[in-house]
Amino acid sequence: MNKLINYQTKYRSTLFKLGNHSVLAIIALICIGSATRVMEAGLACPDWPLCYGTFLPIKHMNLRVFLEWFHRLDAFLVGVLILSQFTLSLIWRNYLPRWLPKLYSVLLFLVILQGTLGALTVINLLDSFTVMGHLLIAFFLLITAIC
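Okay, so the sequence shown: first residue is 23 according to my numbering, each after it adds one.
In short, the hints are calculated from the structure, not lab data. For glycine and all other residues, C-beta sits at the position ideal for the given N, C-alpha and C. Careful: at least some of the hints might be erroneous.
Unchecked claim - Pair by pair, the computed Cβ-Cβ distance ranges are:
{"id": "1", "residue 1": "F151", "residue 2": "R120", "range": "33 to 39 Å"}
{"id": "2", "residue 1": "L148", "residue 2": "Y29", "range": "44 to 50 Å"}
{"id": "3", "residue 1": "F77", "residue 2": "Y29", "range": "37 to 43 Å"}
{"id": "4", "residue 1": "M83", "residue 2": "T138", "range": "23 to 29 Å"}
{"id": "5", "residue 1": "L148", "residue 2": "R120", "range": "39 to 45 Å"}
Please model the entire structure based on the sequences and the hints provided.
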């Protein structure tokens, strides 16, 4: 019985720490995305998912390119964090409340939707409805991650 409680505590603590990092990364992502929008840097990287056909566009780097590139990098890190939480919640599901893996599946869905809208934002050349949807899902993602 004590071993079970130790596992529950350890697994919940790990997911709690990852969750805190996710929330901070999402807040940073929203701030960077806002700066990208204000600086009109949404198309500073004209292709997606790369930027000027490369992971790190050093030859084209300026403030606008950096903002857009860093926004994408942070989005990737948020995706990895949430995918990790989802995967761990499935592996440890016997030691966690039943609702927790479901919450992480919603978060994973929102991240996939957000990434899709981010790609469409570039592909559709900053279509206003796509940009608004991208921002709306960002807030849903943050609110859900805080839960």
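Against the structure, the hints:
Under the hint 33 to 39 Å, the C-beta atoms of F151 and R120, about 37 Å apart, fit the expected range. Here the CB-CB span from L148 to Y29 is close to 48 Å, well matched to the stated 44 to 50 Å. F77 and Y29 have their C-beta atoms about 39 Å apart, which keeps the hinted 37 to 43 Å range intact. A hinted range of 23 to 29 Å for the beta carbons of M83 and T138 is consistent with their spacing of about 27 Å.
L148 and R120 have their C-beta atoms about 41 Å apart, which keeps the hinted 39 to 45 Å range intact.
In the structure shown, no violation is registered for any of the earlier numbered hints.
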